[in-house]
Amino acid sequence: MSRTLPAARALLAALALAVLTVAGAAPAHADSFVPVNGAGSSWSSNAVDQWRRNVEQYGMRVNYASTGSSDGRNQFKSGTVDFAITEIPYGLKDSGVVDTLPTRGFAYMPIVAGGTAFMYNLSVGGQRVTDLKLTGEVVTKIFTGVITSWDDPAIAKENPGLALPKRAIVPVVRSDGSGSTAQFATWMAAKHASLWDAYCKAAGRSTPCGVTSNFPVIAGKGFVAQPNSQGVAGYVAQTANIGTITYVEYSYALKTGYPVAKVLNESGYFVGPTASNVAVGLLGAKINTNKSSDQYLTQDLTGVFGNTDKRAYPLSSYSYIVIPTETKGGFTQDKGKTLGAFSYYFLCEGQQQAEVLGYSPLPINLVEAGLEQVRKIPGVVAKDVKIKDCNNPTFSTDGKNLLAEKAPYPSECDKRGATASCAGGEGKDDGGKDDKGTDDGGGTDDDGADQDDGDSPGDQDGGGKDDDGKDDGGGTDDGTGDGDDGTGDDGDGGAPDSDSSDDGSPDGGGSTTGTPDWSGGPAYGGGPVVCEDDTGVCVNVVALPQEAPVRTGGEGRELMLLAAVAVLFAAVVVPPLVSRTLASRRAR
Amino acid sequence: MTTTEIRETHLVPPGDDATEARRPEARRLVGGTRLADLLGLVGAAVGAVALTALLVTQIFPVASGIAFTVIALGLFVGLYALLVSLDERPVAVRDRVAMVVVHTLAFTVLLTIVFIVTFTFARGLPALVHPNFFVEDMSLAGPLDPLELGGVAHAIMGTLIQITIALAITVPLGLTAAVFLSEIPGPFARFVRTIVEAMTALPSIVAGLFVYATFILALGVEKSGLAAALAISIMMLPIMIRSADVVLRLVPGTLKEAAYALGSSQWRTVWQVVLPTSRSGLTTGVILATARGIGETSPVLLTSGFTASMNLDPTTGPMVSLPLAVFQFVKSPEPTMIARGFGTAAVLMFLVVLLFALARFIGGRTRKER
Chain A
1 MSRTLPAARA LLAALALAVL TVAGAAPAHA DSFVPVNGAG SSWSSNAVDQ WRRNVEQYGM
61 RVNYASTGSS DGRNQFKSGT VDFAITEIPY GLKDSGVVDT LPTRGFAYMP IVAGGTAFMY
121 NLSVGGQRVT DLKLTGEVVT KIFTGVITSW DDPAIAKENP GLALPKRAIV PVVRSDGSGS
181 TAQFATWMAA KHASLWDAYC KAAGRSTPCG VTSNFPVIAG KGFVAQPNSQ GVAGYVAQTA
241 NIGTITYVEY SYALKTGYPV AKVLNESGYF VGPTASNVAV GLLGAKINTN KSSDQYLTQD
301 LTGVFGNTDK RAYPLSSYSY IVIPTETKGG FTQDKGKTLG AFSYYFLCEG QQQAEVLGYS
361 PLPINLVEAG LEQVRKIPGV VAKDVKIKDC NNPTFSTDGK NLLAEKAPYP SECDKRGATA
421 SCAGGEGKDD GGKDDKGTDD GGGTDDDGAD QDDGDSPGDQ DGGGKDDDGK DDGGGTDDGT
481 GDGDDGTGDD GDGGAPDSDS SDDGSPDGGG STTGTPDWSG GPAYGGGPVV CEDDTGVCVN
541 VVALPQEAPV RTGGEGRELM LLAAVAVLFA AVVVPPLVSR TLASRRAR
Chain B
1 MTTTEIRETH LVPPGDDATE ARRPEARRLV GGTRLADLLG LVGAAVGAVA LTALLVTQIF
61 PVASGIAFTV IALGLFVGLY ALLVSLDERP VAVRDRVAMV VVHTLAFTVL LTIVFIVTFT
121 FARGLPALVH PNFFVEDMSL AGPLDPLELG GVAHAIMGTL IQITIALAIT VPLGLTAAVF
181 LSEIPGPFAR FVRTIVEAMT ALPSIVAGLF VYATFILALG VEKSGLAAAL AISIMMLPIM
241 IRSADVVLRL VPGTLKEAAY ALGSSQWRTV WQVVLPTSRS GLTTGVILAT ARGIGETSPV
301 LLTSGFTASM NLDPTTGPMV SLPLAVFQFV KSPEPTMIAR GFGTAAVLMF LVVLLFALAR
361 FIGGRTRKER
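Chains as they are written, first to last, in this note's numbering: chain A, 1 to 588; chain B, 1 to 370.
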């Protein structure tokens, strides 16, 4: 023992020396900023991680642990972190427990915006479906167990071009407390309260259910609960798990390469959770400016859920950073300086990268509100940030709201019940408030132009995201489909009348245009429509995702094969057994 | 090998003595494998795979590989039993079938381990091929940066520092406790032993919560490497005490009696006789405890905080360890971050193997010298 001791002692000493030398060298680098520590939302962590890295070059060290919103709030309350990031403000009642306010002064500030996306894994006849459209009600019904099969008429109605399979829907929800659940629940509680409350009640929760970060699960409903965003996204992304759908932040769906559903917004368009759509949606966010309220500066998203802009994605929301407003519990003026500088960075410049990270930049209204809050951080070197210096991608240097001007509009064929009208090139009414997607026969003509554009085959093949979806469907019949396209256009002229009349009753429109297309009738005009997000160009596609012929009538064949196997097996097994029995008998 | 021997012995049932005696004595092969055994195995395997392929592709189309494997295995055992039964007695058949089943189970376990290790290395390979992965920290690498930037040096150092502190706490404490348990038996020792045994089953998150509640919340110490090391120590201590206790009790009483007979005191005996005798076993105990401590995520999650930059000072600021880094990396949606996570897991496994080899080397060497 004594012989090895010196060696161990030398090792320890060397380690201690290394610790001392490096520890001594480290602070030289961060002379102007002291490190700050934060914890909370894993929903926002991807963005925060990138910003953390970016401000490192200014000598700021921001440590962020993505341990979940609830943990972040608790840690901020107990003073173990300097800031927290959360989707839910303090003071809400979640699963019967009221989250008390921290004793130290604090303020909320918007930090990351994003859309809750519905990522799904669905194939029809071996082709992955990539252009599913869902209304809010359908989404709620799926996640409350009311709609249980993909061929439910409510889904089929909005997706006339898809031959949806008779397959059970497997909703994948978060098993842990999460901000995504909270944001989804906020929306359900605001828009579809009765369905949501009924579900909560069945799950044994008290009603009204309201916002919760723990998704209630009823055993036996066929729901699958997975931990973490990575968990739910990974579960859906398994090739074998066809029929699954989950709610997850858009970035996860984006990186996994699986499609997300387009959700119907207030003005009757199906839109995806793209960065610009979410940012436009959030222009409708209101902030509680009542200083005496507990919920001062928390979000009021009813304006977002009901945003009437055609581009607005309804399930848009943002997360808060909880900042201390007094030096207490380990928070110092020096830390305030770092936190303040970091805040200025992420409110303005940092938002440039939001889109690549799968989030959405904060729009002007939220940035202005945030800049106001930064001043409250003790020790902050307050900057009089003019909007024009902010360098946020959603508004220009002269303070104009770039987003509202530049964000691409959804193509007309993403309008509800638009299958026919897009093809027909008539019966559009842009300004109309017809949420039901009913089209007057006498629409404007400019849409006709749209349609003409769409006919050029080049547009159809553009590599747009949604294009892929339709190409998918066309994959099997590409050869003929392309050829027919040219003639189909002619048919379009004749077809629209019937189609738009069908459209008048949305129910009928969906089903009648959906099925006959496939029979290959002459009316190509009724085919599904390929729209490109960027250009808004729509094209008729003849080839449809085809349901693979189910192996019916295979029963007799299977029985025969089974018999064949039995015969084969017997041929192998029986002779040796027989010979053995005979041999043993002979031996006796 | 052993199974062959067993079979050979069974081949001579007492009733066959008369027939045996008439034939000329043939030399019995006790060891080795016969060609027939091998052919039987191969034949059964080929037959099972072919039959399963036929079943799966033609009759019950199941896509999953698991179903295929299960069906093939079942068929293999059945076919093998049949083949063996052609020229062996029932006892030998049962023996062979048992052998095949046991070997299959062993093989499954081996395959699982190989799969885990290979999978981790394969997924982490994109990160592991860059040398910067081992020497840089993540402070200048964000989710959007390529794998050429950033690494896990901070986590490697964090793990080493935390485990060093934890060992510095647990080795003296654990060994002393074990010596106490074996040298001073009594009601209190029994009580301590019960507590230690109960602590072995302590969920690791509880250890983290304990340190979080006492050290961080009550005493107001910030989240740091030291707090994490304390939490790890709580996890390591019971394992070390238990294994050391078992080893110390194995020291032959005659050795101790001889020491007492020579007039040495009890502590002298412990120091000079008991501890050196059980050195190898004690090393194993330390290794086991280290293995437990080094892979702990949940106590560290609550106590160490998270940082992306190198922090070598265990008393101030968050310090990240390898398991925690893995946990945070794989939660990211970015493929590069996930690759880093698997790379970090590979580094962790490699580090554990390295530490084991080192400890075995130290523990084994001195015994030889003696």
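Bear in mind the hints are in silico, worked out from the structure with no lab data behind them.
Keep in mind the model is a prediction, meaning the values are calculated, not measured.
The beta carbon of each residue, even a glycine, is placed where N, CA and C say it ideally should be.
Each hint should be verified, as a subset may be incorrect.
Said to hold, decoys possible - Facing chain A, according to a computed beta carbon distance under 7 Å, are these residues of chain B, among others: (1) L140; (2) G142; (3) F306.
Said to hold, decoys possible - Sample of chain A residues with no beta-carbon within 12 Å of chain B, all distances over it, derived: (4) P35; (5) R52; (6) D99; (7) R167; (8) P227; (9) S267; (10) G329; (11) V356; (12) R580.
For the hint on F306/B, just tell me whether its beta-carbon gets within less than 7 Å of chain A. holds (3 Å)
When the least beta-carbon distance from L140/B to chain A is tested against 7 Å, hint result: holds (6 Å)
Does P35/A clear chain B by more than 12 Å, comparing its Cβ with all Cβ atoms of that chain? Incorrect as stated: the minimum Cβ-Cβ distance to chain B is 6 Å, not above 12 Å.
Separation of V356/A from chain B, once the least beta-carbon distance is taken, above 12 Å: violated (6 Å)
For P227/A, which was marked as not at the interface, is the minimum beta-carbon distance to chain B over 12 Å? violated (10 Å)
D99/A: least C-beta distance to chain B exceeds 12 Å? Given that every Cβ of chain B is farther than 12 Å from that of D99/A, nearest at about 18 Å, it holds.
R167/A non-interfacial with respect to chain B [C-beta, more than 12 Å]: holds (15 Å)
Per the stated criterion, does the least C-beta distance between R580/A and chain B lie above 12 Å, as a non-interface residue requires? R580/A not clear of chain B: closest Cβ-Cβ about 7 Å, inside 12 Å.
Grab the minimum beta-carbon distance between G329/A and chain B and tell me whether it stays above 12 Å. violated (9 Å)
Please confirm whether S267/A is truly not at the interface, meaning its C-beta sits more than 12 Å away from all C-beta atoms of chain B. For S267/A, whose nearest Cβ neighbour in chain B is about 30 Å away, the distance exceeds 12 Å, so it holds.
Going by Cβ atoms only, is G142/B closer than 7 Å to chain A? holds (3 Å)
Determine whether the non-interface label on R52/A survives the test: each CB of chain B must be over 12 Å from its CB. The claim is violated: R52/A sits with its nearest Cβ about 6 Å from chain B, within 12 Å.
Figure legend: structure checked against the earlier numbered hints; hints not met, in rising order: 4, 5, 8, 10, 11, 12.
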